[in-house]
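*Asks:* Below are the chains, spelled out letter by letter.
Protein chains: 2
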Amino acid sequence: MSNAVALATPVAETSRYPMEAFLADIGDVPWSREPTDLKRKSRDYYWYSPILAEQLKDKIADVIVTPRDEADVLRVVAACYRHRIPLTPRAGATGNYGQCVPMEGGVVLDMAEMNKIEWQKPGRVRVQAGAKLFDIDAQTRPNGWELRMHPSTKRMSQIGGFVAGGSGGVGSVTYGGMREPGNILAARVVSMEENPRVYELRGDAAQKISRAYGTTGIITALEMPLAPAYDWIDVVVAFDDFHEAIRFGQAIAMADGVIKKILAPIEWPLPENFAALKPYCPEGKSVLLAMIGEMSIDTFETLLESYGGTLTYKTPSEDVLNKVPLYEHTWNHCTLQMFKVDRAITYLQVLYPHERIIESVAEIGAKFKGEVMQHLEFIRINGLMTASGIPVIRYSTPERLYEIMDAFEAADIKIANPHVITLEDGSRYKRVDADQLGFKHEVDPLGLLNPGKMRSFTPKHEDVLR
Amino acid sequence: MSNAVALATPVAETSRYPMEAFLADIGDVPWSREPTDLKRKSRDYYWYSPILAEQLKDKIADVIVTPRDEADVLRVVAACYRHRIPLTPRAGATGNYGQCVPMEGGVVLDMAEMNKIEWQKPGRVRVQAGAKLFDIDAQTRPNGWELRMHPSTKRMSQIGGFVAGGSGGVGSVTYGGMREPGNILAARVVSMEENPRVYELRGDAAQKISRAYGTTGIITALEMPLAPAYDWIDVVVAFDDFHEAIRFGQAIAMADGVIKKILAPIEWPLPENFAALKPYCPEGKSVLLAMIGEMSIDTFETLLESYGGTLTYKTPSEDVLNKVPLYEHTWNHCTLQMFKVDRAITYLQVLYPHERIIESVAEIGAKFKGEVMQHLEFIRINGLMTASGIPVIRYSTPERLYEIMDAFEAADIKIANPHVITLEDGSRYKRVDADQLGFKHEVDPLGLLNPGKMRSFTPKHEDVLR
Chain A
1 MSNAVALATP VAETSRYPME AFLADIGDVP WSREPTDLKR KSRDYYWYSP
51 ILAEQLKDKI ADVIVTPRDE ADVLRVVAAC YRHRIPLTPR AGATGNYGQC
101 VPMEGGVVLD MAEMNKIEWQ KPGRVRVQAG AKLFDIDAQT RPNGWELRMH
151 PSTKRMSQIG GFVAGGSGGV GSVTYGGMRE PGNILAARVV SMEENPRVYE
201 LRGDAAQKIS RAYGTTGIIT ALEMPLAPAY DWIDVVVAFD DFHEAIRFGQ
251 AIAMADGVIK KILAPIEWPL PENFAALKPY CPEGKSVLLA MIGEMSIDTF
301 ETLLESYGGT LTYKTPSEDV LNKVPLYEHT WNHCTLQMFK VDRAITYLQV
351 LYPHERIIES VAEIGAKFKG EVMQHLEFIR INGLMTASGI PVIRYSTPER
401 LYEIMDAFEA ADIKIANPHV ITLEDGSRYK RVDADQLGFK HEVDPLGLLN
451 PGKMRSFTPK HEDVLR
Chain B
1 MSNAVALATP VAETSRYPME AFLADIGDVP WSREPTDLKR KSRDYYWYSP
51 ILAEQLKDKI ADVIVTPRDE ADVLRVVAAC YRHRIPLTPR AGATGNYGQC
101 VPMEGGVVLD MAEMNKIEWQ KPGRVRVQAG AKLFDIDAQT RPNGWELRMH
151 PSTKRMSQIG GFVAGGSGGV GSVTYGGMRE PGNILAARVV SMEENPRVYE
201 LRGDAAQKIS RAYGTTGIIT ALEMPLAPAY DWIDVVVAFD DFHEAIRFGQ
251 AIAMADGVIK KILAPIEWPL PENFAALKPY CPEGKSVLLA MIGEMSIDTF
301 ETLLESYGGT LTYKTPSEDV LNKVPLYEHT WNHCTLQMFK VDRAITYLQV
351 LYPHERIIES VAEIGAKFKG EVMQHLEFIR INGLMTASGI PVIRYSTPER
401 LYEIMDAFEA ADIKIANPHV ITLEDGSRYK RVDADQLGFK HEVDPLGLLN
451 PGKMRSFTPK HEDVLR
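As they're listed, the protein sequences go chains A and B.
The UniProt record's numbering applies: residue 1 is where the first sequence begins, and numbers increase by one.
The UniProt record's numbering applies: residue 1 is where the second sequence begins, and numbers increase by one.
Treat the hints with care, since some could be wrong.
Which residues of chain B face chain A? A partial, calculated answer using Cβ under 8 Å [unchecked claim]:
1. Pro225
2. Asp231
3. Ala253
4. Met254
5. Ala255
6. Gly257
7. Gly293
8. Met295
9. Glu301
10. Met385
So the derived label-pair ranges between C-beta atoms look like this [unchecked claim]:
11. B:Gly284 x A:Tyr402: 54 to 64 Å
12. A:Ala276 x B:Asn195: 47 to 57 Å
13. B:Asp69 x A:Glu272: 50 to 60 Å
Because the hints were derived from the structure by calculation, they are not lab data.
Cβ coordinates follow ideal geometry from the N, Cα and C atoms, glycine included.
If we strip away everything but chain A, and leave its shape as in the complex, we get:
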């Protein structure tokens, strides 16, 4: 049932929330309570984790609301506050930790219709939060610009979800993660209050909504910095030895004169699962996948000569919807490619120590041969080049998974646990940013926004009584 037929059919009160009153309050804002919609739009890709798959499988929204503009958002928010109904924003739902799963039911706010590019200038773009990353790049590239970074899910993801997830991705080898200062220029945010306010968070203040899963206000628009849209060359280099792939990747990573967007060393047998790259991933070889700026490709190849790799693929990047891009074999897409042929796996998210990347990779490799398959992404963090990784793991039990996690930490590899739903547990630092917690009290005093995700937050007594 949706509001197309709402006037004809009263809503059954199967919810613990006063849905009928809520729906009356939001008027003509589009919504749906169709069971297939509720089910489909209460999920993301959390099923990569067998632990989350179990934990989140029954979480379901009471209604999916699809605002057309910010006025709709304000109306929905006011109604939620009035009736004390939780609201969980939803973007492309390509995340892996239940970021948009409504833990307490209530409203899922589907941002898909707020997808306009508001304006673009050299080096900047302003978009509504529901704009797809793919569409943003498609509209900025003709002007010589593109987003600085995108997840491997670029063809489906929306900018609001990516920023609220706050990690990084393709492009972070140059610009660092989303949380590096300057990687979000401004965010427009709606508070969850009786009289919702609209905040324009500029400069570093915009970090208050980065990696907060929408718990610190509903993002309605974003101003993002752009990178020059180089002509990218997709490259595959095959190596006998995984460590050689890392060594060469690191040499390119550290060469600031070589323009790159991806540098991903991937251990055999992971490349075995790359259907679209099959001819370029020889049996038994580890590979380096890379996106290299066209003007840097000669240098890349010259440098390769002093390493043991073989260039098997070199083709201009073509970022089109109907073709599997190179980047859909990196980051967590590497896991997805393996899921297609083997469901008995899961993964971790790790950060290797920057001064001993190869040593720590080797330590894990020796300890979990055949059970842990590593692939790295060179990225900058706090001004230092290092490597993150999303090792694929043959899954047996939660206990064994925790054992493996302990071994990573013992090898000085930091873990951002992807098998948990809270911001704190999923963080490398096991805590939420102090600024974000303070801002949370300001914009969502009752904790109605995406409840269950910010563990450190408890509403203040005076706010609850208000």
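Position chain B relative to chain A; hints supplied.
*Replies:* What follows is chain B alone, placed relative to chain A:
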């Protein structure tokens, strides 16, 4: 006398070389033996060094030859080889170590007329070696691109001289120095042989001519990678304490999401000499000079809030010939600004250790208060952010200068001695690149190119006998 009148007046054989035969061989290639030309075009800015000022003051060319194209270069080179006359290429002559001073007299090859932009494409430009950096940027910026880096002498320097000098400059905070792989795409080079050959050195091979002062072939054309031409904002921030200026500069340096082209902390009293920036350099304050990408300026200012600085100047960069640009207060222009008011100074070129920049600055500061005035340039080297510096030194004697140099090295600060003329002595590594030395034997077997600059080179016996 020049070849305009050469036919009428025979050349007096005051030279140790057979100039008359040489001039007959080069035909209509323009040349001059006018004493004012010879004097003016045998110098660069080596007088910054009191030691070089003494050592080089009498070095003078026998003839200045100004080729119009590569065919002219080939003709001149063949004639030089035939008559065993040394040839020293000259570009903008803005260097400080006698790079283009003809130690053995002979021919100075003035590249100024070979100044064409051959073509430009997104991210690349191909130019003749004598093109001015200023002119290259002026022609590429309308297309959204600019050179990745330039010296503070951009308004006078030529690309060939900059590449042959091989250091770095404004822009190296992002792209590293000229010698980082990928910062030169290709070089076209003429060898000094009986039958001169033309080499096209592509990719990393082009490094054979970087920081070789033209000893490894005469550069006639260069293909350079371009950077996006951001809208730059010139910024001055004043700090009570020099170390605070460094600390903030380093925070911005390490923030990969903040686009920058200069980050130069400058110790008081050096800013006292900045006539063009006088109103923005308060008495007694150290400053940070910066060029920040327009889209990053909000973030820059937000980050500044947690440091003790005061923004005194913030204006869009205007790179025009008739106005002193901000960057003409950084790098060795900082020394020049002081020379204008005080001639009793000299300078060093140093590289601070990247993990203890402030500590080593403090060590020197405490030891040579009032005698050594430090200013830094954040730059990337081998993938790590660090700081180079060109400390200004109140000059007394060579012995005292060497004492100060010893103290820098004792503080773990590397020195590239600017008071010497050879590539080896001026290098932080005190040696010439092995590849360059090998290539030297190939392209200049007799050592006629810029003699005296590559100390490690001795012609092979069989080459001399040939």
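*Asks:* Against this structure, judge whether each hint is valid.
*Replies:* How the hints compare with the structure:
1. Pro225: 5 Å, holds
2. Asp231: 6 Å, holds
3. Ala253: Cβ of B:Ala253 sits 7 Å from chain A, so the hint holds.
4. Met254: 3 Å, holds
5. Ala255: 5 Å, holds
6. Gly257: 3 Å, holds
7. Gly293: Holds: closest Cβ of chain A sits about 7 Å from B:Gly293, inside 8 Å.
8. Met295: 4 Å, holds
9. Glu301: 7 Å, holds
10. Met385: 5 Å, holds
11. B:Gly284 x A:Tyr402: 54 to 64 Å: 59 Å, holds
12. A:Ala276 x B:Asn195: 47 to 57 Å: Once the Cβ atoms are compared, 52 Å apart, the range 47 to 57 Å for B:Asn195 and A:Ala276 holds.
13. B:Asp69 x A:Glu272: 50 to 60 Å: 56 Å, holds
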